[in-house]
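Q: Required output: the full structure, derived from the provided sequences and hints.
There are 2 protein chains.
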Amino acid sequence: MKIEQEIERRARQVEGALEDYVPRRRPHGLSDAAWHHLDTGGKRIRPALCLIACEALGGEAERALPFAVGVELLHNMLLVHDDIEDGDTVRRNKPTVWKAYGVANAINVGDYLLARAFAAVLRSPVEEALRGRLLEVFTATYERTVEGQALDINARSQEDFTVEDYLRMAMLKTGHYLVLGMIGGAMIARAPEETLACLRAFGESLGPAFQIRDDLIDLTAGKGRGGVKGSDIREGKASILYAHALSHAAAEDRRRLIAVMRAARENTSDADVAWAMDLYRRAGSMRFAEERAEALVAAARGSLDALPGDQRATLGALLTHIAERTT
Amino acid sequence: MKIEQEIERRARQVEGALEDYVPRRRPHGLSDAAWHHLDTGGKRIRPALCLIACEALGGEAERALPFAVGVELLHNMLLVHDDIEDGDTVRRNKPTVWKAYGVANAINVGDYLLARAFAAVLRSPVEEALRGRLLEVFTATYERTVEGQALDINARSQEDFTVEDYLRMAMLKTGHYLVLGMIGGAMIARAPEETLACLRAFGESLGPAFQIRDDLIDLTAGKGRGGVKGSDIREGKASILYAHALSHAAAEDRRRLIAVMRAARENTSDADVAWAMDLYRRAGSMRFAEERAEALVAAARGSLDALPGDQRATLGALLTHIAERTT
Chain A
14 MKIEQEIERR
24 ARQVEGALED
34 YVPRRRPHGL
44 SDAAWHHLDT
54 GGKRIRPALC
64 LIACEALGGE
74 AERALPFAVG
84 VELLHNMLLV
94 HDDIEDGDTV
104 RRNKPTVWKA
114 YGVANAINVG
124 DYLLARAFAA
134 VLRSPVEEAL
144 RGRLLEVFTA
154 TYERTVEGQA
164 LDINARSQED
174 FTVEDYLRMA
184 MLKTGHYLVL
194 GMIGGAMIAR
204 APEETLACLR
214 AFGESLGPAF
224 QIRDDLIDLT
234 AGKGRGGVKG
244 SDIREGKASI
254 LYAHALSHAA
264 AEDRRRLIAV
274 MRAARENTSD
284 ADVAWAMDLY
294 RRAGSMRFAE
304 ERAEALVAAA
314 RGSLDALPGD
324 QRATLGALLT
334 HIAERTT
Chain B
14 MKIEQEIERR
24 ARQVEGALED
34 YVPRRRPHGL
44 SDAAWHHLDT
54 GGKRIRPALC
64 LIACEALGGE
74 AERALPFAVG
84 VELLHNMLLV
94 HDDIEDGDTV
104 RRNKPTVWKA
114 YGVANAINVG
124 DYLLARAFAA
134 VLRSPVEEAL
144 RGRLLEVFTA
154 TYERTVEGQA
164 LDINARSQED
174 FTVEDYLRMA
184 MLKTGHYLVL
194 GMIGGAMIAR
204 APEETLACLR
214 AFGESLGPAF
224 QIRDDLIDLT
234 AGKGRGGVKG
244 SDIREGKASI
254 LYAHALSHAA
264 AEDRRRLIAV
274 MRAARENTSD
284 ADVAWAMDLY
294 RRAGSMRFAE
304 ERAEALVAAA
314 RGSLDALPGD
324 QRATLGALLT
334 HIAERTT
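If you read the protein sequences in the order shown, they are chains A and B.
Just so we're aligned, residue 14 is where the first sequence starts under the numbering used here, counting upward by one.
Just so we're aligned, residue 14 is where the second sequence starts under the numbering used here, counting upward by one.
One or more hints might be untrue.
[Said to hold, decoys possible] Far from chain B by the CB rule (all over 12 Å, computed), these chain A residues: (1) ARG22; (2) LEU51; (3) ASP124; (4) LEU164; (5) THR175; (6) VAL176; (7) GLU206; (8) ARG267; (9) ASP318.
[What the hints assert, rightly or not] Calculated cross-link-like contacts (lysine-lysine; reagent style BS3-like; alpha-carbon spacing at most 25 Å): (10) A:LYS56 / A:LYS242; (11) A:LYS112 / B:LYS250; (12) A:LYS112 / B:LYS112; (13) B:LYS56 / B:LYS107; (14) A:LYS250 / B:LYS107.
If you are wondering where the hints come from, they were derived from the structure by calculation, not from laboratory data.
Glycine residues also receive a C-beta, built at the ideal position from the N, C-alpha and C atoms.
A: Encoded structure:
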């Protein structure tokens, strides 16, 4: 796959640049904690797509590198804070930052990574006015992601959480942020507004599709937290399955589901999790989620029709490749 | 006091502008939690000084308002995160955000306030190049504050914490950030670099002086956490008293002090606190701290000699007033 190789090549380039932006020798609780997290890896796909989109649209990828790094640091800052908020103890087979360094350091190192993210975007070698617009998009996207996270955190105790609530949360939390790198790369390449609008529409469909896929993976394969299935049920995380089952299950099942979701993680038994997974099947929630994810992927693909003609071959091929990874 | 009235007037102006930047009707966990904190008040001195410094240097204060709001939101974001990191349950006689809304919402609402802070600075009605420099100063100051916080968090378990470590921490955590508003106001007024350097030097002395005063207030009057004295000893917070006593107390006292500081808050008795406070007196740490604070205030005043002649009467009078509040 030529595109896959290009993503891999650009991801390695970003990987190599990270140390220029997050030095290894800052005080205890910063560099060590930051690199404890950054060294867990991750595929660096978001920043790779930033560079590739910039080049595909006729820009110089090198000029997009600081923005790409900023996107990757924002992504990692959000993961560090999310892991505390969700109480997750393991990420990519290593203890999460709060587990290894304590909650105080983990909050603070997230704040630090965000400072480095803004510093990276500020280093973008572009004219002042464009740098200002890059910062505006970066800040607004960061804010929407945080807003989506607020909906996510507080959905956990909500008895009337609907599929619409879920989709709104997923769009805010993942939709804008998924394509932030590509939008920045496109802006640096001086792409026209219609290209940016197309990228936004693409993200608004594909982000929620990714999120739904994530919900399904948790039930079918486990999220890589030691391969345990049903973590979302144990944690009481508001998934699309939960939202759908709430409005499609019988009253008694509904009550029991809410009780299972509300129970503290350590009070949720394997039998509770198995029961909820079975309910998701019986209530048609699994099939509903699969179909919704497919429909969203189709919508994401459909949004590419609005790409200016000359960009179909370049950017369109890249986006189609990304969309296909969700099916 | 003419200056005090002017500070009060400008503080009220900032107060009135906050709602334009942090809307009241965002989702649960954002607006309500943010305003739970913002409504605890605070004197809004930092942003007031931003507007006053801008005007004193011949600029239009209105143009500095977004930056002033950004500084105030950064300040409050740091307080929300600090309260979690320190385990503080009360601020200005109200439950802290994490106590009222849970840790997950409190981390997230701090992140939200920071997004709003950057959005505010981005709204500064100044030319692109100056806005870029304002963002650079804002980001760098935020980063130094976080770096100081890392030193603070990790000093708690440090047996060889010195007065020099303390001063470095205090300078990073408070020195730059104390004068951030005034520096932004001065930049918007197009003040020359020597004025900015003078403001930086002023903050680098006065910030640590404030921090030492805060350490002393904790022992003499309590920090307004219900008026309880010695909270820093209960929390194991690395104060200048702790740093000084570590290198001036007898070996046995030193061992006991470390044990008291390391003990969990709920395992620290009133007798332990009284003993540590007495040790601080016996070891000369109280007197040392008072003298050091005075010396730093004098240094802050001395740094004003470098102000360009025509600024002595305006900015100099303001800064002298601020410095005097610490004595």
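Q: Run every hint past the structure and note whether it holds.
A: Structure-based check of each hint:
1. ARG22: About 30 Å separates A:ARG22 from the closest Cβ of chain B, which puts it past 12 Å; holds.
2. LEU51: 16 Å, holds
3. ASP124: 5 Å, violated
4. LEU164: The claim is violated: A:LEU164 sits with its nearest Cβ about 6 Å from chain B, within 12 Å.
5. THR175: 15 Å, holds
6. VAL176: 17 Å, holds
7. GLU206: Consistent with the label, A:GLU206 stays out of reach of chain B, its closest Cβ about 19 Å off (over 12 Å).
8. ARG267: A:ARG267 is indeed farther than 12 Å from all Cβ atoms of chain B, at 22 Å.
9. ASP318: With a cut-off of 12 Å, A:ASP318 remains clear of chain B, as the shortest Cβ separation is near 33 Å.
10. A:LYS56 / A:LYS242: It holds: about 23 Å lies between the C-alpha atoms, which stays within 25 Å.
11. A:LYS112 / B:LYS250: It holds: about 21 Å lies between the C-alpha atoms, which stays within 25 Å.
12. A:LYS112 / B:LYS112: Measuring from Cα to Cα gives roughly 21 Å; hence the hint holds.
13. B:LYS56 / B:LYS107: Roughly 16 Å between the alpha carbons, so the hint for B:LYS56 and B:LYS107 holds.
14. A:LYS250 / B:LYS107: With Cα atoms ~30 Å apart, A:LYS250 and B:LYS107 exceed 25 Å; violated.
When the structure is compared with the earlier hints, violations turn up for hints 3, 4 and 14 and for no others.
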